[in-house]
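Given the coordinates of chain A, assemble chain B onto it according to the supplied hints.
As they're listed, the protein sequences go chains A and B. Residue numbers for the first sequence follow the working numbering, so the first one is 486 and each next one is one higher. Residue numbers for the second sequence follow the working numbering, so the first one is 7 and each next one is one higher.
Watch out, some of these pointers could steer you wrong.
What the hints assert, rightly or not - Heads up, simulated DMTMM-like pairs for lysine to aspartate or glutamate below, C-alpha to C-alpha not over 25 Å straight-line:
| id | chain 1 | residue 1 | chain 2 | residue 2 |
| --- | --- | --- | --- | --- |
| 1 | A | Lys737 | A | Asp698 |
| 2 | B | Lys8 | A | Asp856 |
| 3 | A | Lys825 | B | Glu126 |
| 4 | B | Lys313 | B | Glu117 |
| 5 | A | Lys701 | A | Glu497 |
| 6 | B | Lys8 | A | Asp849 |
| 7 | A | Lys560 | A | Asp692 |
| 8 | B | Lys8 | B | Asp71 |
| 9 | A | Lys737 | B | Glu126 |
| 10 | B | Lys8 | B | Asp72 |
| 11 | A | Lys694 | A | Asp782 |
| 12 | A | Lys737 | B | Asp130 |
| 13 | A | Lys737 | A | Glu864 |
| 14 | A | Lys705 | A | Asp692 |
| 15 | A | Lys705 | A | Asp867 |
| 16 | B | Lys8 | A | Asp863 |
| 17 | A | Lys701 | A | Glu572 |
| 18 | A | Lys705 | A | Glu571 |
| 19 | A | Lys695 | A | Glu864 |
| 20 | B | Lys8 | A | Glu859 |
| 21 | A | Lys825 | B | Glu101 |
| 22 | A | Lys737 | A | Asp692 |
| 23 | A | Lys705 | A | Glu497 |
| 24 | B | Lys8 | B | Glu168 |
| 25 | A | Lys825 | B | Asp130 |
| 26 | A | Lys701 | A | Asp557 |
| 27 | B | Lys313 | B | Glu296 |
FYI, nobody ran anything at the bench for these hints, they're computed from the structure.
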Amino acid sequence: MRKEHRERVLIEVTTRVHANIVGQGEGAVERVLSDAIYHERRRLDAEHGNGQVAGQRAFWRDIQARMRDGDDPRKLIMRAIQNHAEEIIGRFDPRVYTVATRLIPPALGLLLNAATPRKLLGRIPNGAPNLRQNIILQGHITALQRLHDRGRIILVPTHLSHLDSVVVGWALHELGLPPFAYGAGLNLFTNPMLSFFMHNLGAYKVDRKKRHDLYKDVLKEYCTVSLEQGYDNLFFPGGTRGRSGAVESHLKMGLLGCGVTAYQNNLRARRPQPRVFIVPATLSYHLVLEAETLIDDFLQEVGKSRYIIEDDESTEPMKVYQFVRNIITLNSRIYCTFGKPLDPFGNDVDEEGISRDPHGRPVDISRYVMDQGELQRDEQRDREYTRFLGERIVQSFHRENVILSTHLLARALWDLLGAANPGIDMYRLLGGGGRVLSFPPHEVIDRVARLKQQVDALAAQHRIRIDPQLNEVDAAAVVEEALLHFATYHERKVAVRVGDRIAPEDLPLLVYYSNRLNGYEL
Amino acid sequence: MKREPVAVLGGGAWGTILAQLFSHNVPRVPLWVRDAELREELITTRTHPRALPGLTLAAGVVPTDDLEAVVRGAELLILAVPTPAFRDLARRVGEFAQGDQILVSGAKGLEEGTGARMSEILIDETCVRRVGALAGPAYAGEMARGAPGAAVIGSGFQAVVERVQLRLASERIRVYGNTDLLGVELGGALTNIITFACGISDGLELGNGIKAVVLDRGLAEVTRLGVRLGAQASTFHGLSVLGDLMAAALSGESRNFRLGVLLARGCSLQEALEQAGPAECIPTTRMALELAQREGIETPLVSAMAKVLFEGVAPKDMIRELMRRRSIYEGA
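Looking at chain B on its own, in the form it has when it is part of the complex:
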């Protein structure tokens, strides 16, 4: 059976825009959408008003609910669902996937409870070995409006990097490769925490100077942690970490950022979550703290964010506490 070059699993904003971008190079891109109502809407109106207003789906994007056919029928599968739903989908994919296929995660974050990266979940749940992760500062909303963007495909397998570049790269999106899959995934996840801290800084109206401090010291901190866990420092200064971080902190569009702003303005965590929506920074902060303690790495910013999220410390007090830390050398 001849397979489709690529299929996307997940009808959210990111999954839909990815399918749209792939359709520049591939005549037919199956898009698996679990939500029946959304699927019908995509099929009948060719639009996604809930998440991507203004977007008209390309003719090559084919929304479907037949997971088995989609999985069996594609060489390259992109799983673009939120991290809480990722393992369940991966398990279902594992029922049909074969060893010659490629699976790529489009989700950013670590699994709550286990701290597993998404590519590790793909290995846990399927027989596929050629896995990767797409990351970077490509924002679905901006790209739906026609803006160009860039992303990173991380994988230890050259074939994964080359296949994703071949199918995805176009005048709409540049795709960089990185062999440091661990760094791409871990760094991408850890940016959630720094973005949240930037939101707090903005919410307290502290100005751009201190936001730059949060960005820089946060990056130093997560780089230290990532390197200890086996990632490469250079990855943290690339698109999947620094690039993503700058976009999130500057745009203010991410849920993590909005959660920080709301907490800084006096909302309770529950109120803030109700307004901002589920934020990846909560499980990521918990996992990062555990990892840092296990590895004996000093992570003052992560610890401070944990105090805000889990101990109810007021953001203002937390900033004061961070500022009172003893003076150190910059590279320390």
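Same shape as in the complex, but just chain A:
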């Protein structure tokens, strides 16, 4: 957020949230404030003490005491709103951003050079790795670039890894787009590997431990106002990194609804470019940095409640180093595929910014928010529009999902395990309770070939994508490439050759990579 906008946005956000709560009628202010005090005090009691926590504890104690003493709750809630808003609004500085985006490729380059200097120097004359070989940007790129001049964009990527925000930040820079405002979890600002990027790539702070309505209202309003003020936004609609490895099917609608609200506010204010475009993006990796932690969390009932994980692989510099090194040495690929842009009502949008119905006919989208020719506020209606938009985004995520060799081999081995161990459920198999746990290579290759045929058929119907490099090799080579990846990065190899057989070794990870093919009825 530019410095000159920061104050204005702060005032706008606080004024709107305040007016909205006061407008809800008698008792609303007290109810919302009491809820915020209760949740904040509970959260802060569980936090480890540091200067910031102590300051916040004092702040909420004071609010509670003043409320008890009969101070005007409307003034108290204004203070609480300001407190949240000031924390959320990022300290983005365009000058720092310019330097940071220049620094990212060399910074990664230095890391990679240290990994395999000879190989890199031999391949790349100037000694700097070419990230474009490994991070492949594809899909509706031109539309994304052109729509930037026709309205505001909300970029909504799938979320597998903390590296996603770095990859997307780099992608936007590569495409010549300015930084997007990005709501990053507070834990990323303290992550030693990622805080540099978070502080400088347009990120604003989202504390997902704050679950009360007042905080969410401030967050949503900030997103809405920033769109109205001309800032493109980025957020992960899945909410948190997917634990299972599958493409997201359920989205969180809160922030997604900011698009329709900002659009209506723009119409009401008669802004020259009122439109808001939603661009889904699907990220696909050969290997995922934090896969081990994520799938363990998914498979453990208790772990499912760990909405925020603060101790995964992304916090370990050596793991990040190994991961990035793998990308270069194994010629790993990360696909960032931009889906067809949508409007806040779920219609496709063409490169000119015109919404189209399923038959390609232009749609006057202002009609969606009008009644008898007048703009009409209706939150329930807008929630339904956003729910539909969410469905369209999920469809796009699945359509633009790129299947790589690791996904094919993992699914093939998981299928073979299931077939060879009839009557044994997944959890027993995962516990090593299967009777048959390895397979002759020809069986694995056959199964991979069949799967690839099925995926190719789906890809021909534009229901999924497949790594184009897999079209140039046979199934045996697909298996070899996947085994090479599976043998290098993770603590335990996902699958290995044992004598003349191929054996899955880390079954949870096998499930994780196999799940990338979920939802296609394969």
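Leaving out everything else, chain B in the frame of chain A:
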């Protein structure tokens, strides 16, 4: 341009009676009728002897063939045509419809081949988002004779529910709202199969006891399937499913019921269809079976009906097979 509050598309029994019911609250209700002969008959005689003998059309009901004018000119459009004709009509509506209009399906069933619900077809074929479905045990024939009735309007949009209630509800018809559009549509469609099974039971003259078993276990089965697909169980115990089912099974008027009776009495499927007319239970059974297999849901009654319809198993043998199933707990 000021729009009419409501228009109805489809001059069949259901479309015509809906237009008639809307005319209690709305002074002018355009009724789009594709069939030229029927349209002329409605205009000149103000009666619909083919489907609704005894009915005299209210003065406010205005039969017309101008689809563009009707679609452009109404805030709320009810599409009341049979499911095989639904997509084609929706596509034509999509040429003129705008985002501030409301489209409501009055058809019961799933699309053959795709399994799509009618509201999904409206989304597929038009730019309109505010869609809904009217369902329930309101029978056109009974209502034409002056009997009161009730219906459910299902939609995720409150405005759709409130608008339909405002325009349709009167002393002639109560209109309940339900936000579970999926349940209203899916449940309504799946009742076709249970009604068919009830027809078989009656055709075999098995008595009311076993018909009650078919009704209850059938309902349990389709509820299980619906809930797995995202519907709410409570919807299946409401008017659009249980209510519709009771009316169909008790009245014996539905084509699905008659098809069951005829097959049970020894007719071939072709003969039965010739006598009963096209029955929604055939595509619905096929789709329900596919959905159940995909979701891993046990649906013995649906599977048994599929065997009768698609494998030529004799209804009597099918009943015997169902009775021989292993004993289970009621809630299972």
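Hints versus structure:
1. A:Lys737 - A:Asp698: 15 Å, holds
2. B:Lys8 - A:Asp856: 11 Å, holds
3. A:Lys825 - B:Glu126: At roughly 21 Å apart (the allowed maximum being 25 Å), glutamate 126 of chain B and lysine 825 of chain A satisfy the hint.
4. B:Lys313 - B:Glu117: 21 Å, holds
5. A:Lys701 - A:Glu497: 16 Å, holds
6. B:Lys8 - A:Asp849: At roughly 18 Å apart (the allowed maximum being 25 Å), aspartate 849 of chain A and lysine 8 of chain B satisfy the hint.
7. A:Lys560 - A:Asp692: At roughly 24 Å apart (the allowed maximum being 25 Å), aspartate 692 of chain A and lysine 560 of chain A satisfy the hint.
8. B:Lys8 - B:Asp71: With Cα atoms ~20 Å apart, lysine 8 of chain B and aspartate 71 of chain B stay inside 25 Å; holds.
9. A:Lys737 - B:Glu126: 22 Å, holds
10. B:Lys8 - B:Asp72: Holds: lysine 8 of chain B and aspartate 72 of chain B sit about 17 Å apart, inside 25 Å.
11. A:Lys694 - A:Asp782: 18 Å, holds
12. A:Lys737 - B:Asp130: With a Cα-Cα distance of about 24 Å, the restraint between lysine 737 of chain A and aspartate 130 of chain B holds, given a limit of 25 Å.
13. A:Lys737 - A:Glu864: 16 Å, holds
14. A:Lys705 - A:Asp692: Holds, at about 13 Å.
15. A:Lys705 - A:Asp867: 14 Å, holds
16. B:Lys8 - A:Asp863: Between lysine 8 of chain B and aspartate 863 of chain A the Cα gap is close to 22 Å, so the pair holds against 25 Å.
17. A:Lys701 - A:Glu572: Between lysine 701 of chain A and glutamate 572 of chain A the Cα gap is close to 13 Å, so the pair holds against 25 Å.
18. A:Lys705 - A:Glu571: Holds, at roughly 14 Å.
19. A:Lys695 - A:Glu864: 23 Å, holds
20. B:Lys8 - A:Glu859: 13 Å, holds
21. A:Lys825 - B:Glu101: This hinted pair holds, its Cα atoms lying about 23 Å apart.
22. A:Lys737 - A:Asp692: 15 Å, holds
23. A:Lys705 - A:Glu497: 12 Å, holds
24. B:Lys8 - B:Glu168: Roughly 20 Å separates the two Cα atoms, so the pair holds.
25. A:Lys825 - B:Asp130: Holds, at about 17 Å.
26. A:Lys701 - A:Asp557: 23 Å, holds
27. B:Lys313 - B:Glu296: 13 Å, holds
When the structure is compared with the earlier hints, no violation turns up for any of them.
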